[in-house]
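Assemble the whole structure, with the sequences as input and the hints as a guide.
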Amino acid sequence: MTPRQARLLNGLIYLGLMALLLFAARQGLNNYYQRILAVIAINIILTASLNLTNGYTGDFSLGHAAFMAVGAYSAALLTLPVTVKSTLLRELPAWLQGLTLPFPVAIVIGGALAAVLAFLVGIPVLRLRGHYLAVATLGLMVIVRVVANNWRAVTRGAKGLNGIPPLTNLWWAYGWMLLALFLIWRLVHSPYGRNMLAVREDELVASARGVRVFHTRLFAFVVGAFWAGAAGALWAHLITAITPNSFSFLITFNIIVMLVVGGAGSVSGAVLGAVLMTIIPELLRRVETALAMGGTPLYGLSQIVIAVAVTLAIIYRRQGLLGGREIHLPPLVRATRPE
Amino acid sequence: MPSSSYIAQQFINGLNLGSVYALVAIGLTIVYGILRLINFAHGDLMMWGAYLSLFLLANSFLPLGVAVLLPMLVIGGVGVLMERVAYRPLRGAPEVAMLITSLAVSTVIQNSTIMTLTAQPRSFHLPEGVNQLHQVAGISFATLDVLSVSLAVILMVGLTLFVRYTRLGIAMRASAENLRAAHLMGINIDQVIATAFAIGSALAAVAGFLWAAKFGTVEPFMGFLPGLKAFVAAVIGGIGVIPGAVLGGYLLGFAEIFFVGFLPPEFAGYRDAFVFGLLLVILLIRPNGILGAPTDERA
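Heads up: the protein sequence lines correspond to chains A and B, in order. Residue numbers for the first sequence follow the working numbering, beginning at -16 and rising by one. Residue numbers for the second sequence follow the working numbering, beginning at 33 and rising by one.
Source of the hints: derived by calculation from the structure; they are not laboratory data. Small disclaimer: the values here were computed from a predicted structure and weren't measured. Glycine residues also receive a C-beta, built at the ideal position from the N, C-alpha and C atoms. The reader is advised that the hints may include incorrect statements.
Unchecked claim - Partner residues aside, some chain A positions facing chain B, computed with beta carbon under 10 Å:
{"hint": "1", "residue": "Leu79"}
{"hint": "2", "residue": "Leu111"}
{"hint": "3", "residue": "Tyr115"}
{"hint": "4", "residue": "Tyr282"}
This is the structure:
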């Protein structure tokens, strides 16, 4: 067996194992746990895609929730049943009114629209650096929310869209997650990924070595936005009701926390951070209601723990848990040495 | 064409909102000037200041002055503490490190408020007489409007004198110029930074009082967006420059009020989008703001 065949076989074995686990989860776990598992997959997509800018090219973006919102709203508008649309959204343009697309197509379109927005916004905004880019992308988030609140014909304003078909199951969530991770992995380990790192480390040197700096940063931003949009679309079809407030600043902050805790600059770090920082707050949320003082639950406790965790992480281990390293799954099948 | 009294009314509103933005923007700009930190938690200190004023005013025997001054002292102390805990350990770290901890501090402040005081908005009652309306030449304004604007102006003048003539104020300006060099010249930068946080936070507490007095309610998330907008104001005026923060604050206050007041009502919902759209335009055409000195550091 050549190394290439061995890699393929190993990949297939792990895929099979995962399919088995997902099958078992769907059979054996109740809806609550299945939902958390799906949220983990979605958060992995979000963190791994934010990593492209915040980890690889070093552009600190705070706009991820904006791209999620674009993906979520556009995909939801494409999958809502025609009957629901005719009652909820009477002012919708006729062509959209009568259109219902298959779920995967809606996800791709949601991601693509987020990517288009990132492209249009990125051309002016990525001329900025550091803090200014952070604030500008935060501004983008505020603008997207304002539009979602006011464009009532399409978004129903503050009431939001509900009755979105619950199409996101574990298969879709993990299927999209694997696709996202695979493509992002291939991207960051390609010459393009090297360019991204070069831009992060030293822009001047990178451009002197022929890296098209702006092009590279824009590309990372757009690809990240595509996956944020796709993840937003998956999320909308998991929680089935979205409002402009669903895409608050807190969402962006939590994705950043996941990335910081896991360690920016590696795919494994993004995955680890997303898994940990989804499960821990979820456990704490139970503590919030269990620790009810004087009858009122301690809402906010889990968010405080997240914030303190990230502060400690930054002070004591700024590189995150993995510090930019990758974890490789142990090969189950080895290539036979050529005799 | 709107009547002249309507225009005057909008002008007073702009002056009011501008005062709040200016006070918050000053705190952001002096901290940014020294540490290159956008303190996202700044607006939340404004929220705490408003809550403190609310509780103090609930005891009706206390004079109004106490409800303004005591929060300034307390929140000033909180600001110093915040710097000590969340920002000082990160001095010299990459600039996004402190940015992230400031986001964390902001969520801690908001959520601890929710935990202890619930997310329910509370109404903010002023003592009798403060809301009394006056008519001068057809323009109506409340005593509160006069109090707010003059309080803001007095504080700004005081700060300007402090920064210009006192040892500590001069040390602050030197540190904003070049922190390392200031340190090497024997300036106690820990003290300077603590002072910057104390002053900025105290001004945020006043801004919280003014905001709550104007809009009548207080809730845990009330500070975040005004904090961001004040940052926009600081950028418009030229970040790091105190007069720039004041100028930017008033410009933004007027721009926002006029946007809502003189455009068809269906645009009113887009006011926040307008503010941040303005930010993007400013960042792209004049990233150093109106009064900011051009630097070679690309924004």
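Violations among the numbered hints, reported as their numbers in ascending order | Violated: hint 1 alone.
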